[in-house]
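S.K.: Letter by letter, the chains look like this.
2 protein chains.
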Amino acid sequence: MPKSFMSMDGNTATAHVAYAFTEVACIYPITPSSPMAESIDAWATQGRKNIFNSKVKVVEMQAEGGAAGAVHGALQGGALASTFTASQGLLLMIPNLYKWAGELLPGVLHVSARSLAGRSLSIFGDHQDIYACRQTGVCMIASHSVQEAMDLAGVAHLSAIKGSLPFIHFFDGFRTSHEIQKVEVMDYDYLKSLVDWDAVAHFKAKALNPHNNPVARGGAENDDIYFPAREAQNRYYEAIPDIVAGYMEEISKHTGRQYAPFTYYGSPTAENIIIAMGSVTETIKETIDTLNAQGKNVGLIKVHLYRPFSAKYLKKVLPATVRKIAVLDRTIEAGAREPLYLDVVGALKDCKDLQIIGGRYGLSSRNTAPNQIKAVYDELEKDVMKDPFTIGINDDVYHLSLDLDPDFQNKHDYTSCLFFGLGSDGTVSANKSSIKIIGDNTEQYAQAYFQYDSKKAGGVTRSHLRFGPTPIRSTYYIEDADFISCSLDEYCYKYDMVRQLKKGGTFLLNTTYKPEELEEKLPSTMLAELAQKNAKFYIIDATEIAKEIGMGRRTNTILQSAFFALNEQIMPYETSLKLMKEMAKKSYMKKGEEIVELNYKAIDMGKNGLVEIPVKPEWAELPMKSFMTESGDEYFDVHVQAINKLTSYDLPVSNFLKNGLEDGSLQPNVSFREKRTIAAQVPTWDPDKCIQCNFCAFVCPHAVIRPVLLTDEEIAAAPMEFKTAKAIGKGVENLKFRIQVSPANCTGCGLCVHECPGKAGQKALSLADIKTKIDQEPLADYLFKEVEPKKDIFSKTTVKGSQFLKPYFEVSGACPGCGETPYTKLASQFFGKDI
Amino acid sequence: MPKSFMSMDGNTATAHVAYAFTEVACIYPITPSSPMAESIDAWATQGRKNIFNSKVKVVEMQAEGGAAGAVHGALQGGALASTFTASQGLLLMIPNLYKWAGELLPGVLHVSARSLAGRSLSIFGDHQDIYACRQTGVCMIASHSVQEAMDLAGVAHLSAIKGSLPFIHFFDGFRTSHEIQKVEVMDYDYLKSLVDWDAVAHFKAKALNPHNNPVARGGAENDDIYFPAREAQNRYYEAIPDIVAGYMEEISKHTGRQYAPFTYYGSPTAENIIIAMGSVTETIKETIDTLNAQGKNVGLIKVHLYRPFSAKYLKKVLPATVRKIAVLDRTIEAGAREPLYLDVVGALKDCKDLQIIGGRYGLSSRNTAPNQIKAVYDELEKDVMKDPFTIGINDDVYHLSLDLDPDFQNKHDYTSCLFFGLGSDGTVSANKSSIKIIGDNTEQYAQAYFQYDSKKAGGVTRSHLRFGPTPIRSTYYIEDADFISCSLDEYCYKYDMVRQLKKGGTFLLNTTYKPEELEEKLPSTMLAELAQKNAKFYIIDATEIAKEIGMGRRTNTILQSAFFALNEQIMPYETSLKLMKEMAKKSYMKKGEEIVELNYKAIDMGKNGLVEIPVKPEWAELPMKSFMTESGDEYFDVHVQAINKLTSYDLPVSNFLKNGLEDGSLQPNVSFREKRTIAAQVPTWDPDKCIQCNFCAFVCPHAVIRPVLLTDEEIAAAPMEFKTAKAIGKGVENLKFRIQVSPANCTGCGLCVHECPGKAGQKALSLADIKTKIDQEPLADYLFKEVEPKKDIFSKTTVKGSQFLKPYFEVSGACPGCGETPYTKLASQFFGKDI
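Chains as they are written, first to last, in the working numbering: chain A, 400 to 1234; chain B, 400 to 1234.
Straight-line C-alpha distance at most 27 Å; calculated DSS-like pairs for lysine-lysine:
1) B:Lys-715 - A:Lys-785
2) B:Lys-695 - B:Lys-715
3) B:Lys-781 - A:Lys-751
4) A:Lys-751 - B:Lys-711
5) B:Lys-751 - A:Lys-714
6) A:Lys-1057 - B:Lys-603
7) B:Lys-751 - A:Lys-751
8) A:Lys-711 - B:Lys-723
9) B:Lys-714 - A:Lys-785
10) A:Lys-835 - A:Lys-980
11) B:Lys-751 - A:Lys-785
12) B:Lys-785 - A:Lys-711
13) A:Lys-785 - B:Lys-711
14) A:Lys-781 - B:Lys-714
15) B:Lys-714 - A:Lys-723
16) A:Lys-751 - B:Lys-723
17) A:Lys-714 - B:Lys-785
18) A:Lys-751 - B:Lys-715
19) A:Lys-711 - B:Lys-781
20) B:Lys-448 - B:Lys-989
21) A:Lys-723 - B:Lys-723
22) B:Lys-711 - A:Lys-781
23) A:Lys-714 - B:Lys-723
24) B:Lys-1057 - A:Lys-603
25) A:Lys-711 - B:Lys-751
26) A:Lys-715 - B:Lys-785
27) B:Lys-854 - B:Lys-893
28) A:Lys-935 - A:Lys-977
29) A:Lys-695 - A:Lys-785
30) A:Lys-723 - B:Lys-751
31) B:Lys-785 - A:Lys-751
32) A:Lys-781 - B:Lys-751
33) B:Lys-781 - A:Lys-714
34) B:Lys-751 - A:Lys-715
35) A:Lys-751 - B:Lys-714
36) B:Lys-711 - A:Lys-723
Just so you know, these hints were derived from the structure itself, not from any lab.
Please work from the sequences and hints to get the whole structure.
M.R.: This is the structure we're talking about:
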């Protein structure tokens, strides 16, 4: 069979295999597992057939508890059923997992492992969720990369069927679930050939059915028989390691990639090894290659079958020379030692000459770089070792973290590219397209990882793309990019992007500045770094080009083309031009010939628009200034601003024992300091049309529109002149009214304009270019500041100057605009009828 | 302060202390934790004050997930909040437990630890549920007895407040939650004096409040800060062992009972020890005393602080002489080693000269007797030890179970009494009253444990009562009773009760047989055992006495009095008479003088009604017959009947690999063989009034009423003559109709009679004494047997003789009774409108 390669992420790879084995999928979406269920649903709608020659029946439930219960029911009804989840969703499935296992049902649950909500919530990846299921009796298989997800997802289904027990197949949320790799695709005919059809028949025959198999299940038992009945099931668990090992051996033969319940990598005579599971093992393997090439003698045991935890198979791959082991757990279990560590210590308790230590890493997608792995091996060489230890953070309180060598890097043969984009500006989509073009049309291996921000509107996205001649195992962020692209010139003032550029690398900036303005406009720190790194520097005004060719604000295709033009080591630009156009045709054909042509134009303009800016050596001497602006508020400056400036990775443990952060408290009244300035347009207020209803302020989701009442003295004290209207209403006759917007905090969503009733339907608010409004900011600062931050704005304070208007639903009387509609009637549009 | 003693169970002891520290209790009932919440609710209603001088606010939620969420909300609102749960309820709380812990909230959860539903459900006790929470970051304290629940429940609350972390306080479901012991009661003033009031003030000040403390909690975090922020909380966990140890030391001083995170019991120079937690440690302590008195040199480490698991405190109590450790876990984690075992191995990994093995015991309230504990110590003396092992079951498949010495018993100085009663016949209540009388009015210590059956109507109850001069630590069933009482003479034919009587013990039987009938009527096995054991044998006809004095069917007070009359070693009968009457007065005063007088009479008759039956030595030679009746159905005879006859404790592991039991399947069509004969009255059928509507058969919850159609040949072939009616309806004109009841399977609920419409409202069914109807059983056997057991009774079979009538809602046409109402209209009364 010819090998078939495709670029896809771990969710797609898993869904591809899960679909093959699934008759019923009971789903409920949760990040980062949702795309698995979505793929299954889409393929079912398209009529794809599974290996049983039927379409998957997809049932969406109302929560994950229901999804797990529906899987239980489907299995008892004789249908091979699956589900997909993560994190809190998985916690809700726990009671049902005990049932799946206790009733020996071959259900399969694919988990994109994710953090749990404790002190705070996080959508990112670690192993807290799957560890919370380790006691349920469900078997657990770990895939450590996208290719492994493709290769091992099937082992979970096949072993579940043959062994008559449920399986969780898990892999790292985001790192594996959303990482795009070029992988070999499993063929359904091949998967079908591996099925134990007798076991399928046995499973079907056992289904609850009042006609053919009138038995009851799920009964109640007393102290007399519950215990021996549970022990009776031991043989199912005893059989699993061999069943899984058998399937893994078969998959190894078929793919040429070696799998087993535990696999070993590194020196066969290693004295010091790591035991770990998940995507970190890819980085560890890469690091081992680097270290052993430097004369070290280290190794790694990868855990693929986590439950049942087989001491037999673990010992089978443990080199006799090993003396010290560091077990890495991607979790923290406060008040206890970590689970994989305990499993290993338990399994090897009779190896009295072994020393075993345990460490925590990578919580919530925390980056685990090669120098962290090196630090673990370095620790193992010491006579007195930290135990437990942490890596990847700066623990200045308990001193559990290992020191890192900042200069250590792994050898690699790939090109690395880093893209800074604005959430939903199309950067991520363009990069997904690029990786597909490269992965599917060249001999090169490709990897893409997208670092999202959980801020929805206008968060920063960082795309990490790597391309090279060998499979890419770098499951960590790019810190020394060959190429960096930035889609938004404002980021130059916010983020120290050039820090991540390697010496001699290329920096591409999309900007509306003219080449001659750059030296003056760009921060000196950036210029200095470009010079110190001897970088190549290009700019492009994709915004202007897009406008010119009629693509409006869509700059991503232009920037994608510019990327290919500047990276001809990946492929000749002629080739990429052709491939980009083919892809554009495929993507936009259904939108019409015109759109396709527009995209062709954009692609052509990518190279043409590039301007190389000579980097002056004297820039290297320019002053390096911080990207922070001191506000004087310690909490904001040290904590919030670090997060906003992406320097929060350096915050030490001690930071979280201050300002109430230890219990997850967040101080209020800081977002007004943030001033992200992400809106392209902000509202302007027309006092002549305003009816002072304050709808705009009520609907603003970010509270950046506020109605104020002012005395003449206050108006005089303002930093600038501004328009006001005479305040309408009883008791405010001598005051002035104004609607004030904070342009730098506005996200430009336009809700206020949409809701404005205005006089005779003429809206008092309209959107205008932010550049023309940003000069209002001093006034916003003045008027917003006048409000006591901690004052309850809903209390019935006396109306006087420089305060919010009382919420209008507390004011009785007619609408000050139309003079007829009572306030309460207007308010009910937003708050329901009971106001 | 004078010591105050009371008889109560573990739930009451815990609730007493929990009430003191609770401002808000968010509850949802689940066995066996419900009585805790019920007590809290009742006391709040009565206006009891907690140590904060307020009543507890009780909020009942709609499920345990909501209860845990409401606790979370209450804590964030600044109220000290508690809840109570077990088993599946605890599983639903898991997501919130992570939140309580992550946000450093001092909530307390009291758990009566219980099995989880897997292969089957069980309401009984083990540690599966609390182990499922070990990774949540909640601290965990274990109480091992009722007194410890009283002593340590407060440590959980106090430490939660001082340490600013949530606690689970757990104890064994049923064994501790429902065991009644005479315990020293904690005084609220004393508890109040232990509170860290600064910590309370700090907690209150931290409460979420938009006026005073406008902070947000529960935010989302990214990969940059989640990890160090979690690590920052380490110091809270590091502080807990010392905080708990401090409070335990204080409680030890106050009570004279020694507590610490881990405590040691036994020889200070022991080489072999057990580590365990829960009620089993009471039995282990008792066994250690017996063994060490016999020259052994063994010990025990009791775990009181399970999370954080402190290696420091564990090592502190570990004698230097110890070489071998057996860790007992009351759970099974399929595919892994058990949790306490792993914690211990991890904590002691540097003690290279220790050998540690682990075993499972007591799943789902499985009895753990002294000979099982001895077997563990015996195993530790072997060179090659089983690891893992089990105790208390007969594992003939994997051979993990340890062999038991059937003759080994612990020394003790108490009197043990065992009572067989019928569920809800008052035996348990009478025993609760007896234990209160003894515990609260004598210097004696008392213990009562009630073994329930999960069958609701007419299940057997076994009450295990012990009384003695020293605290009673026997947390296992009475197998060698000084006194056995049986409330129902039918049990003589069902259960081998005398097996559990010690030599020379007393057996009391409540029976309507006359003394002279006994030799003929009672089973020879029973007589033989009485003679072999040289027992004293008494009978009483409490049923007749009750009827005579006008107490109807209420025999329990008479039997209680008989118990005191036969056990004067507990207290002189004069004294118990007086105390029983005082108690009766207190209990029944509000029902009127007459009822009190009736009870006085019943109490007086207890002794007077006793008849001693001389046990003839020659009975010892009578044939010992099985209590089983072979039915020929292997599944019924070996499995179901063993459960019914209470011999199921002897079923080996291999039994559960047969007949589909391995996945929890239950074979249908066995209850008709069970013939419990528990109904006092059963329905009789009057063919003249019957309209053949079959309502009676439909409403019968136990399917013991069935309508049949018969041919004349079938009538002739029946084992006896019986009444029939002419069948009404199209196609059945030549058949006869009959409603047949199975008297031995009927529970006598009377629903059929209630629902019978009959002709002109005259019911065709009425209740009659079972003794007059039991002779119908051969006919029931004949008519019921004719139905193919596995045939779907709802299929549209052709109507012919000896079959069920088709369900009437499948028959069109008018009602055969009134000739008017269509069948479907009648059916809708039961099945809704859509039929």
